[in-house]
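A.B. asks: Note that the protein sequences, when read in sequence, are chains A and E. Counting with the numbering used here, you get residues 1 to 191 for the letters of the first sequence. Counting with the numbering used here, you get residues 1 to 314 for the letters of the second sequence.
Everything labelled a hint here was simulated from the structure, so no lab data went into it. Just so we're clear, the structure is a prediction, and the values are computed from it rather than from any experiment. Cβ coordinates follow ideal geometry from the N, Cα and C atoms, glycine included. There could be a bad hint or two in this list.
Mimicking EDC-like on lysine to aspartate or glutamate, the simulated pairs with C-alpha atoms at most 16 Å apart in a straight line are [to be verified]:
hint	chain 1	residue 1	chain 2	residue 2
1	E	Lys34	A	Asp117
2	E	Lys35	A	Asp65
3	E	Lys35	A	Asp117
4	E	Lys35	A	Asp118
5	E	Lys35	E	Glu60
6	A	Lys147	A	Asp117
7	E	Lys34	A	Glu169
Derived, one-sided and incomplete: chain A residues facing chain E with beta-carbon distance under 7 Å [what the hints assert, rightly or not]:
hint	residue
8	Asp72
9	Leu73
10	Ala77
11	Ala78
12	Ala80
13	Leu81
14	Arg94
15	Leu95
16	Arg121
The calculated label-pair distances, taken between Cβ atoms and stated as ranges, are [said to hold, decoys possible]:
hint	chain 1	residue 1	chain 2	residue 2	range
17	A	Ala77	E	Gln30	24 to 30 Å
18	E	Asp20	A	Pro58	57 to 63 Å
19	A	Pro87	E	Thr204	46 to 52 Å
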Amino acid sequence: MSTVLDAGDIDRALSRIAHEVIERTRGADDLVLLGIPTRGVELARRLGERIAAFSGSPVPVGSLDITMYRDDLRLRAARALEHTDIPAGGVGGRLVLLVDDVLFSGRTVRAALTALDDVGRPRAVQLAVLVDRGHRELPIRADYVGKNLPTSLRERVLVRVAGTDGADEVVIAPSGGSEEPGEAPAGEASA
Amino acid sequence: MRHLVSAGDLSRDQALLVLDTAREMAALQQREIKKLPTLRGRTVVNLFYEDSTRTRISFEAAAKRLSADVINFSAKGSSVSKGESLKDTALTLQAMGADAVVVRHSASGAAHRLAATGWVDGAIVNAGDGTHEHPTQALLDAYTMRERLGGDLAGRRVLIVGDVLHSRVARSNVLLLATLGAQVVLAAPPTLLPVGVEQWPCETTYDLDPQLAKADVVMALRVQRERMTEAFFPSAREYSRRYGLDAARAAVLQDGAIVMHPGPMNRGVEITAEVADSARSTIVEQVANGVSVRMAVLYLLLGGALQTGSDPRA
Numbered sequence: 001m002s003t004v005l006d007a008g009d010i011d012r013a014l015s016r017i018a019h020e021v022i023e024r025t026r027g028a029d030d031l032v033l034l035g036i037p038t039r040g041v042e043l044a045r046r047l048g049e050r051i052a053a054f055s056g057s058p059v060p061v062g063s064l065d066i067t068m069y070r071d072d073l074r075l076r077a078a079r080a081l082e083h084t085d086i087p088a089g090g091v092g093g094r095l096v097l098l099v100d101d102v103l104f105s106g107r108t109v110r111a112a113l114t115a116l117d118d119v120g121r122p123r124a125v126q127l128a129v130l131v132d133r134g135h136r137e138l139p140i141r142a143d144y145v146g147k148n149l150p151t152s153l154r155e156r157v158l159v160r161v162a163g164t165d166g167a168d169e170v171v172i173a174p175s176g177g178s179e180e181p182g183e184a185p186a187g188e189a190s191a
Numbered sequence: 001m002r003h004l005v006s007a008g009d010l011s012r013d014q015a016l017l018v019l020d021t022a023r024e025m026a027a028l029q030q031r032e033i034k035k036l037p038t039l040r041g042r043t044v045v046n047l048f049y050e051d052s053t054r055t056r057i058s059f060e061a062a063a064k065r066l067s068a069d070v071i072n073f074s075a076k077g078s079s080v081s082k083g084e085s086l087k088d089t090a091l092t093l094q095a096m097g098a099d100a101v102v103v104r105h106s107a108s109g110a111a112h113r114l115a116a117t118g119w120v121d122g123a124i125v126n127a128g129d130g131t132h133e134h135p136t137q138a139l140l141d142a143y144t145m146r147e148r149l150g151g152d153l154a155g156r157r158v159l160i161v162g163d164v165l166h167s168r169v170a171r172s173n174v175l176l177l178a179t180l181g182a183q184v185v186l187a188a189p190p191t192l193l194p195v196g197v198e199q200w201p202c203e204t205t206y207d208l209d210p211q212l213a214k215a216d217v218v219m220a221l222r223v224q225r226e227r228m229t230e231a232f233f234p235s236a237r238e239y240s241r242r243y244g245l246d247a248a249r250a251a252v253l254q255d256g257a258i259v260m261h262p263g264p265m266n267r268g269v270e271i272t273a274e275v276a277d278s279a280r281s282t283i284v285e286q287v288a289n290g291v292s293v294r295m296a297v298l299y300l301l302l303g304g305a306l307q308t309g310s311d312p313r314a
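With the hints as constraints, model all of the structure from the sequences given.
C.D. replies: Okay, structure coming up:
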C-alpha cells in the first residue's frame with residue numbers, strides 16, 4: 001500500500017481546481033456544485049468553500065445520489081440510498097459542477113448525468129474529480145482533475161477524507177483483501 | 001431480505017433501513033419528475049383476493065414510480081371464482097415472470113404460504129392476510145410517527161385503541177414498534193382482544209382514559225361494522241362512549257401527541273370528525289407516506305440481485 005496524495009497534496013489540488021473553475025467559468029456566478037456520495041459530497045463542500053472565498057460570492061453546494069440510476073443494480077444486493085440535496089434555486093439554467101473522488105469506468109458519471117436529468121435542465125454540466133485512474137468504459141472525461149493516476153486493473157485506489165474516514169489521503173493498494181469504503185476496484189462499475 | 005411477510009421478520013437495522021430509504025423516496029415526491037428508472041424491466045403483480053382500493057393503488061403508484069411494469073389481478077371476475085387454487089394462480093404468475101407478488105388475501109397465512117412453497121421465484125410482499133398481518137401499513141405508521149415526533153421511536157408510548165381482534169394492522173404495529181423500541185399499549189373491550197395477546201410484546205388494558213395523558217401516539221382502529229351484529233359489544237353508541245376518540249379525549253393528550261387511523265374511518269364511531277380533521281391527525285399523511293414506504297420496500301426487495309443460494313438470477 002503506498003500513499004499517492006497526503007493531506008497537503010489534497011489541499012493544494014482542491015485549491016488549484018477552485019482557481020481553474022473560477023477561470024474557466026469567468027467568475028463562477030451561476031455555478032452549483034453537486035457532490036456524488038459518499039466522499040464526493042465532502043470534496044464538493046470543500047471545493048465550494050474555496051471557490052466562494054477566491055471569487056468572493058457564495059456557491060451553492062448539494063449532493064446527488066445516483067444509486068437508483070446505476071446500471072449494475074441487478075449485479076449486487078440492494079444498496080442503501082444516500083441523500084440527495086439539491087440547493088434552493090434548483091439546477092435549471094445553471095452551470096452544474098459534479099464532484100467525485102475517483103473517476104474510473106465512467107459509469108457513475110453516466111448515472112449522475114441521468115439522475116441530473118430528473119432534477120432539472122442545467123445550462124451545462126462539468127466534472128471535477130480528485131483522482132483520475134483511467135480504464136474508462138464510456139466516453140467520459142473530467143474537466144478538472146486533482147491528479148492523473150495511471151493504475152493497473154489489479155490495483156485499488158482508496159480515497160479517504162477527514163469527514164468520513166478521519167484523515168485526508170489517497171492510497172494505492174493491491175486488489176483483493178478487505179473491502180474498504182472509497183475504493184474503486186477493478187471490474188466494478190463504481191467511480 | 002427476500003420477502004416481506006411479517007413485520008416481525010424485520011430486524012431493527014432492516015426496519016430502520018426501510019424507513020430511511022422511504023425518507024429519500026419521499027424527497028422524490030417533491031420533484032417535477034416523480035419517476036426513477038430503478039425497476040425498469042421488472043414486473044410487479046398486485047394479487048388481490050380481497051377488495052382494497054387504497055392499498056392496491058398505493059402499491060401500484062409505488063411500483064410505477066420505480067418504472068416497474070404493474071399487473072393488477074383481482075380475484076373478482078377471475079378464474080378464482082371458477083375455483084382456481086392459490087397454487088395454480090401462483091404458477092401462472094411464475095410462468096409470466098413476476099418479479100414481485102403483492103398479495104392481499106382473506107386467509108391468514110396466504111402470503112406466508114406463497115413465500116414458503118417456492119411456487120413463485122419472485123419476492124412476496126404481504127399486503128394484508130386475513131386478521132394476521134399488514135407489514136407495510138405498520139412501516140408507514142412508524143414512518144409517519146418518526147416524521148411527526150421527530151426521529152427515534154425508542155421509549156415513545158403508542159396507544160392502539162379498538163378492534164384488535166380483527167385487526168392485522170394492530171398485530172403488525174405491535175411487532176414493528178417493539179422492534180423499534182417503542183412501548184405499545186392496546187386498549188380494547190375484552191371481547192375484541194385476541195386469544196394469546198398476553199404473548200405479544202405490549203401491554204393491554206380495557207380502560208382507555210387513564211392511558212391518554214401518557215401517550216405520544218393514539219391510533220384508532222376501524223370497528224369492522226360488518227361484524228357489529230355479532231355480540232362483541234352492545235352497540236356502536238356504547239363502544240363510541242367508551243373507546244371512541246372525541247374532542248374531550250383529544251383534549252387530555254399531550255401537546256405534541258398525534259392521532260392516527262389506518263382508514264377507512266367510521267366517523268362518529270371510533271373517531272369523531274372533529275378529531276379526524278384536527279391538526280393532530282395524520283390520517284391524510286399516512287396515505288401519502290404509504291407510497292414512499294412501499295417504494296422503499298419494493299426497491300429493497302427488487303432493486304438489487306436477490307441473494308438466495310438457489311436463485312440463478314443473482
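A.B. asks: All the hints need checking, so say for each whether the structure fits it.
C.D. replies: Evaluation of the provided hints:
Restraint check: the Cα-Cα separation between Lys34 (chain E) and Asp117 (chain A) comes to about 12 Å, which is no more than 16 Å; the hinted pair holds. The straight-line distance between the Cα atoms of Lys35 (chain E) and Asp65 (chain A) is roughly 14 Å, inside the 16 Å bound, and the hint therefore holds. For the proposed pair Lys35 (chain E) and Asp117 (chain A), the alpha carbon gap of about 11 Å is at most 16 Å, so the pair holds. Straight-line distance between C-alpha atoms of Lys35 (chain E) and Asp118 (chain A) comes to about 8 Å, which keeps the hinted pair within the 16 Å bound.
Distance restraint check for Lys35 (chain E) and Glu60 (chain E): the Cα-Cα separation of roughly 13 Å lies within the 16 Å cut-off, and the hinted pair is therefore satisfied. For the proposed pair Lys147 (chain A) and Asp117 (chain A), the alpha carbon gap of about 28 Å is over 16 Å, so the pair is violated. Restraint check for Lys34 (chain E) and Glu169 (chain A): not satisfied, since their Cα atoms lie roughly 38 Å apart, outside the 16 Å limit. For Asp72 (chain A), the interface hint is violated, the least distance from its beta-carbon to any beta-carbon of chain E being 9 Å, above 7 Å.
The interface hint given for Leu73 (chain A) is met, as the beta carbon of that residue sits about 6 Å from the closest beta carbon of chain E, less than 7 Å. The restraint placing Ala77 (chain A) at the interface with chain E holds, with a minimum CB-CB distance near 4 Å, inside the 7 Å limit. The restraint placing Ala78 (chain A) at the interface with chain E holds, with a minimum CB-CB distance near 4 Å, inside the 7 Å limit. Because the beta carbon of Ala80 (chain A) sits about 6 Å from the nearest beta carbon in chain E, less than 7 Å, this interface hint is met.
A distance limit of 7 Å between C-beta atoms decides the matter here; for Leu81 (chain A) the minimum to chain E is near 4 Å, and the interface restraint holds. For the restraint placing Arg94 (chain A) at the interface with chain E, the shortest Cβ-Cβ distance is roughly 15 Å, beyond the 7 Å limit, so the hint is violated. For the restraint placing Leu95 (chain A) at the interface with chain E, the shortest Cβ-Cβ distance is roughly 20 Å, beyond the 7 Å limit, so the hint is violated. Contact between Arg121 (chain A) and chain E, as hinted, is not supported at the beta carbon level, the nearest pair being about 10 Å apart and thus beyond 7 Å.
About 28 Å separates the C-beta atoms of Ala77 (chain A) and Gln30 (chain E), a value consistent with the hinted range of 24 to 30 Å. As the Cβ distance of Asp20 (chain E) to Pro58 (chain A) is approximately 30 Å, the hint placing it in 57 to 63 Å is violated. For the pair Pro87 (chain A) and Thr204 (chain E), the beta carbons lie near 50 Å from each other, so the given range of 46 to 52 Å is met.
Of the hints listed earlier, those the structure fails to meet are numbers 6, 7, 8, 14, 15, 16 and 18, in rising order.
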